[in-house]
Structure formats: C-alpha cells, structure tokens
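Novice: Here is what each chain is made of, one letter per residue.
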Amino acid sequence: MRALPWILLALVALFPWMGLGNYPLHLIIMILVWSFVYTSWSLMGRFGLVSFGHGAFLGIGAYTVTMLWNHFGITPWIGMVVGVALAVVVAVLIGYPCFRFRITGHYFALVTLALSEIVRLIIVALRDQSGGSLA
Amino acid sequence: MVGGFVAAFIFAQLISLGGFFFHIEWGYVMAFLFFIVMMFVRPQGLLGKKA
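Respectively, the protein sequence lines represent chains A and B. Take any residue in the first sequence, count from 1 to its spot, add 32: that is its number in this note's numbering. Take any residue in the second sequence, count from 1 to its spot, add 46: that is its number in this note's numbering.
Because the hints were derived from the structure by calculation, they are not lab data. Keep in mind the model is a prediction, meaning the values are calculated, not measured. Glycine included, each C-beta is placed from N, C-alpha and C at the ideal position. Any given hint could be a false lead.
Computed from the model, here is a short list of chain B residues facing chain A with C-beta under 8 Å [as the list claims (entries may be wrong)]:
1. PHE51
2. LEU63
3. PHE66
4. HIS69
5. TRP72
6. VAL75
7. LEU79
8. ILE82
9. PRO89
Just a few of them, taken from the derived set where beta-carbon distance is under 7 Å, the chain B residues facing chain A [as the list claims (entries may be wrong)]:
10. GLU71
11. TYR74
12. PHE78
13. PHE81
14. MET84
15. PHE86
Extracted from the complex, chain A is given alone in its bound form (with noise of 0.2 Å):
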C-alpha cells in the first residue's frame, strides 16, 4: 500500500499518452488544476492566516507561462519556472510588508482580496496581450 501514492503519481503523468480524446483530457487537467487550487487554499488555512490572494498567484503562473508561449515562442517548461519565479517575487512584496507590519486577520484578508484583484484588472487592462477577461 506504500506504493500506492507513487502508481497514482505514475497514472496521472503518463494521461497525455494514453490515448484519450481532447474533451476528457481537459477534463483531467481541470480536475488537477482545481484540485491544486483548494489544496493551496486548505494548508494556507491550516497556518491561522485567511488569504483571498491565491487567486492572484495562479494566475501570475499561468498567464506567464501562457504568453511566453504566445509572444515569444518560449517553451513552457522554462515558462513555468519564470512564472514561480514571478509569483515568489510578488508573495514577498505583498507578505514581507505583512509581516513587518504585523498585518494579520480581517486586515490580512482584505489586502490579499485587494492583491488578487489588482491582478485580475491588470490582466484585463492588458487585454491586447492577455486576451482579456476569459471568463
């Protein structure tokens, strides 16, 4: 049963090959993807400290990579790395002040809903480049 985690992980990198139409494949990557997003919000629970601003990373993540890709022909797999890098600079622009100023509780929640929302306008804002508000 140790080994069970490890099948799962298998399983799970090898969808692409296996054959599956384009439908259920999305339906996969949505799957992990959202399951990836409350999992991130659950352990931030965890620590005592409400954040709205999960929203933001992601999608600093994700639209990095995305118009690397688009723009200048970068592979995602150097995107990815530039997209974490580009969400740890912003978690330590917003958090350090955090903790410096010892923002926590219902103050900490409005300035992580207040980071989140800066990203989403700013990538609407960017709507020539971005594509706009997709959703």
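We have chain A already, so just place chain B on it with the hints.
Specialist: Then chain B, alone, in the frame of chain A:
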C-alpha cells in the same frame, strides 16, 4: 468617519482619472494599490490615531 469620506473621495478620483487617461481597469488598479499601501502605512485609518 471623516477618514472614510476622504478615502472614498481619493478612491473615486483615482478610478476616474486613471480611467480617463488609460484603460478603465488601470484606475481600479491604482485605487487598490493605494488601498494596499495605506494598509501597510496607516492600518489604523487615514486620520486615525495609533491605538
């Protein structure tokens, strides 16, 4: 109360001026940036005193 009024006024000015000179979204971006910076600098409120 007065601080809230001032904040609403600044917010409206940032949104409408930013929307006038750039895309409308940039006005909201500037307003929320102002909100975050003020949250760090003066968490007790614009005109509030330190507790």
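Novice: In ascending order, which of the hints set out earlier in this document are inconsistent with the structure?
Specialist: 1, 2, 3 and 14
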